[in-house]
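A.B. asks: Those protein sequence lines, which keep their order, are chains A and B. Numbering-wise (the numbering used here), the first sequence opens with residue 1 and increments by one. Numbering-wise (the numbering used here), the second sequence opens with residue 1 and increments by one.
Hints listed in this document are in silico derivations from the structure and should not be mistaken for laboratory results. There could be a bad hint or two in this list.
[Unchecked claim] In silico EDC-like links for lysine to aspartate or glutamate, alpha-carbon gap of 20 Å or less:
1) B:LYS281 <-> B:ASP263
2) A:LYS63 <-> B:GLU410
3) B:LYS264 <-> A:GLU11
4) B:LYS673 <-> B:ASP517
5) B:LYS281 <-> A:ASP48
6) B:LYS42 <-> B:GLU115
7) B:LYS250 <-> A:ASP48
What follows is the residue order along each chain.
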Amino acid sequence: MHTIATLKKGEKGIIQEFDIDLIPLKLIEMGCLPGNLVELVQYAPFHDPLYININDSYVAIRKETAIHISIKKVS
Amino acid sequence: MSVEMLKVALIGNPNTGKTSVFNHLTGLNQQVGNYPGITVEKKIGYCKLTRHRKAKIIDLPGTYSLNASSLDESVVIELLMNKNGDDFPDVAIVVSDVENLKRNLLLFTQIKELEIPTILVINMSDRMKRKGISIDIPVLEKELNTKIALVSSRTKNGIDSIKTLLQDYKNISSEACLDTSLIDVTYFDRLKKAFPNQSLYKLWLVITQDVNFGKIDKKPMKDETSFSFATKSNSELKRLQQKETIARYKFINDTLKKGYVVDKSKATDLRSVLDKVLTHKVFGYVIFFGVLLLIFQAIFDWSSVPMDFIDSSFASLGDWVRHTLPGGVFTDLLVDGIIAGLGGIVIFIPQIAFLFLFISVLEESGYMSRVVFLMDRIMRRFGLSGKSVVPLISGTACAIPAIMATRNIESWKERLITILVTPFTTCSARLPVYAILIALVIPDQRILGVFNAQGLTLMFLYLLGFAAAIISAYILNKVLKIKSKSYFVVEMPNYKLPMFKNVFINVFEKTKAFLIDAGKIILAISIVLWFLASYGPGKEFSDAENIVKSEVVNQELSTLELDDKIASYKLEHSYIGIVGKTIEPVIKPLGYDWKIGIALVTSFAAREVFVGTLATIYSVGSAGEEEGTIKQKMAAEVYPNGEKIFTLASGISLLLFYAFAMQCMATLAIVKKETNSWKWPMIQLFGMTAIAYVVALISFQFLK
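Chain B with its partners taken away, still in its complex shape:
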């Protein structure tokens, strides 16, 4: 028996609870992907209507209108304009917030004008009583020429009525509420003559995209090549858009007068009470600082328990596999390459999940907008926007989602600077590197009897990351000559208690995406690295065993020690060893030897590979990958003349190098995607690495 698949597009303003409605309709039955060629998240879910009919629901990015000002928003328009596209909906659902119905209906009237059958969902009905709102649904349905579902995504009330309306979608009107062409009859008449078969409103949208779109977000729209639209200037077009907006609000106001009443005497106001404290000149900042401390506490303290567990689990899994499978090339690849590589990714899950948890709660509650409001003026001094706060905080987990979070920054210059400086913030991939180096070179003692020197060093490195981000933003702001209008408009949504289900799904999906995206790269690198370290050209590599044996013939070595010696010798003459030896002259002034050089090279793929590489290089693979062992081996490493390799000077130099250098291919790839050019990621790669080199050089020469 065939099942009919109904295609549904879920559309709505941000902060209307659109995603809650989506989550209720589809449950965990969701797929998150990307729209082709761009990094805008595409969420699809399925919902069973009857035995023979299912709905495929696309949760489109939140948008205030069909006049897109960002890449996310333009996805909505492109999907709704492309009648032959795979995702073109049979029905559109516009989700609105009962408290902001006036503004939300603006988008609704635009969707209606595209002549798609449209259902209106009025959400947050649980708040009506508290706000003194009453609605006459039949009147609104008649005036807006649609079907309305009054729902509360918080209490789940009314969700079923959406499904009922979807089943009966053939009876939903696709007629427009008003006619945009009335705003300039002569102009639209001329358009009609040029394109007799096209919908006038669609043409109008195509024409005005150019006015709205920023520099990089501009994407040519289809079927508009032949006709010159230069008959009106941008300024004139914008005037027409204002006229259009006025016409829409007039229609909306007239409609709401008939079926929507607010009795303000019955309303209670949580917003003004909370805003008095949370946006206060002093308390506002104190509270924000407290929230930041709480986030860092969670990331660095609370997540250490699950991280230790993951670490030891992967170590024992590796041991188990090594002892269970027969020895050989394949087992080596599995244990040293794949299991070690996977462990290196999975270990970040607790931190990343915590971070997304906080960000999700802060965003759902409406608090994040207050932070943007509080921080905008301060951030602007450095060429950033208040909206840069979110990426900079997210950057402490991972720069990839952080850079994607810059998308709602309206000014291209502010957005670009945010993208460029975000990788300076101390992401979780730097943590394992910092952890082992600090333990190695910083004495475990108390300063002034209170502060632990190792802890202070770690804190200093975090502050250094933020300082580097802010200072380089300041410089970029002066250097970059980009003209861009800063159109800063931030909605200050109502305060809401975050809904567990939304937060959970968000954290789950985001963490999963990180795991898969970053995982693919790290895994590939691990395998390549393992290969390069396991094979080498020439006799030195293939005859390693005999050469070493003949060298140490007079020394009394245990089998284990001999094996370690052979492994190191092999590594030195493997492909990767040759690379390390080649770059040694360049990194010598920083205090590093060729083995650290190898770790540096592999770290350009991803920083956390550093520890694993050193583990392989110092041939502790067979003795287990416990940190203690690597640490001991690293501490015992000496130059041929007996000098220690890891001293305070070379350790600090390495720490600073990792603090500044751009060592993450995944980030470079995402920057390329978001800026649409290789220029900016290359500037990051060479600029940041040059800074790292100079700082490390100075610190080593100064300290040695």
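Bound conformation, chain A alone:
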């Protein structure tokens, strides 16, 4: 299963349903909602944190959050 944490640099995916209790509301308000597009822009060493573009917002999140957001890869 793919999550934001398994994306490679430059790859994109569509956000699927996720367990809302594990995701901060702030991220949801930034546009982390099922159906929206997410792209991995950059990652820090050890693949953590991840710098993503989500619904046209650029944010950095930790891997521990990213593994809970499953995605469907798009090319």
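Knowing the structure of chain A, use the given hints to seat chain B on it.
C.D. replies: Using the frame of chain A, we list chain B on its own:
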């Protein structure tokens, strides 16, 4: 003729240029204060609209939504919810960034639902062409049911149109864009029955605050005591909040489809080019390290020129006052207490201003978020957050603003650890202490022909401060059993050239606040200290002159030497001298005598008082306060058996004591405010001072 005062609240996401808009509207006509009871900065400015109407503008802390996750953000909600409050606005202005309009409008739709007349400012219009953005303002105004000002805070374009809209505020709609109660009709119906006279959206905000707020930031909201909201679990409420967010984005997307077009083929992208270098696995860290070096260079090298100037100016002012005014108690208080105390504060202005200048530029440019991104993983190993980098750097100027800068750390545990360890970083108040002690006990020679031993010692003490912070963070992380979800979400804003006006106002306001806040305390301490050193109980103090004269009757002393002797004798028997004598047994194993003991005690108010206290104690007051003189006196101090007091051993012991000990009342006060309890500042006070004692003890016993 009366002037009508219009109350305006300026609201917006972080990084939208809200503060630039505020600065343009109000100029330097600003007041910075605090919200009652908390340390969140409250900025108010005034702007003249017409001859009969002025606007009082409150610049509210930046927030992404009305669901607050920090103390700063909760201020926004409380102000907007309290209809009877003094600051409740007649009009709200929501500032948005033309490139992030979609996300920024989320907050806008929430404000609109509070039924406050709301103007939308779309900022950064100068970037539209480069990003291939075109906007149909009339369509957006109609869809969002508001008035829009398209402005560029960089070119000042459109600022006047905000003023025009404010004049006509009565025609601005206060109707909501959408209706939150539609997300769960039955639930909201029940709410309506329980509170028939309340706005449903406000109730909803009150209910959900509990879900969002962290441990300490929780503040009970008003008028909600009677009704139990436990009808829905936190998880269910959060699901509803997600539903609400989806509904808002649906509305926003539909609106933007009609009036907002981005032609990506026309866009040029500075972000990806800069990010490739600045967030690079190797170059990113190299550049960050370079920036740090530049900051330290500025603080320790460039600021020495103005600092020397301030130092000598205050010294000559003191001399001038002493020679101009008639001698006596009042002149002593003025010169030794007030002027010396003020000089001790003002001397830090260059360093603090430089530090705020750098931090302000780094934040304005968008670089700081990249540092947070780069450093988060490393800092987390020590129980800190990437966001702890800013406080730890700021701590090298002053722990007070540094601790206030921890507020945006989402995880309470990471934030608490950052607050607890920040005072270990070498703040500028330690510098004068280090400077005089190093000059006194470390030989001025080169090691390996290149490095200056005194310079190396100073660098070592700085590194020691950071090491102490990091190591104690690591230990606290293991020891503290605090459960807290780490909700790390950092916006990575667009890169922007910092605007001079914003940086200038920021540096000016922050430095002023430091000067006033720390100044009040240091000034008070100086006065108290002067009093305790100038008065004493019993005959020994009041008869000092005769006692000394009879003791030295056989020695040939000049008047000046005799005066110095009398002054020292008086000090020994003053209130403060008694304190020093009392604690002498405790500090003797560290290599200190009772005079150093006095300086230690007064240093608990503020470290930089050390030098001034020693100056007073070694009775050089009358001979001028040049460092050379104090240094010479300190070097000449001996125990009754002729042994020198300031040796390498006692000097190093003192340096290490100052490196670790918690000696700053102002910091303790701010920690109390930020953690909402006396427990943490007390842990700092006793914990750090215990470490200092042990380290100083070991080093003295080892070196002597």
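A.B. asks: The structure should be examined with respect to each hint, and the outcome stated for every one.
C.D. replies: Evaluated hints:
1. B:LYS281 <-> B:ASP263: Violated. LYS281 of chain B to ASP263 of chain B sits at ~32 Å, over the 20 Å cutoff.
2. A:LYS63 <-> B:GLU410: 16 Å, holds
3. B:LYS264 <-> A:GLU11: 18 Å, holds
4. B:LYS673 <-> B:ASP517: Holds: LYS673 of chain B and ASP517 of chain B sit about 14 Å apart, inside 20 Å.
5. B:LYS281 <-> A:ASP48: Holds: LYS281 of chain B and ASP48 of chain A sit about 12 Å apart, inside 20 Å.
6. B:LYS42 <-> B:GLU115: 23 Å, violated
7. B:LYS250 <-> A:ASP48: 31 Å, violated
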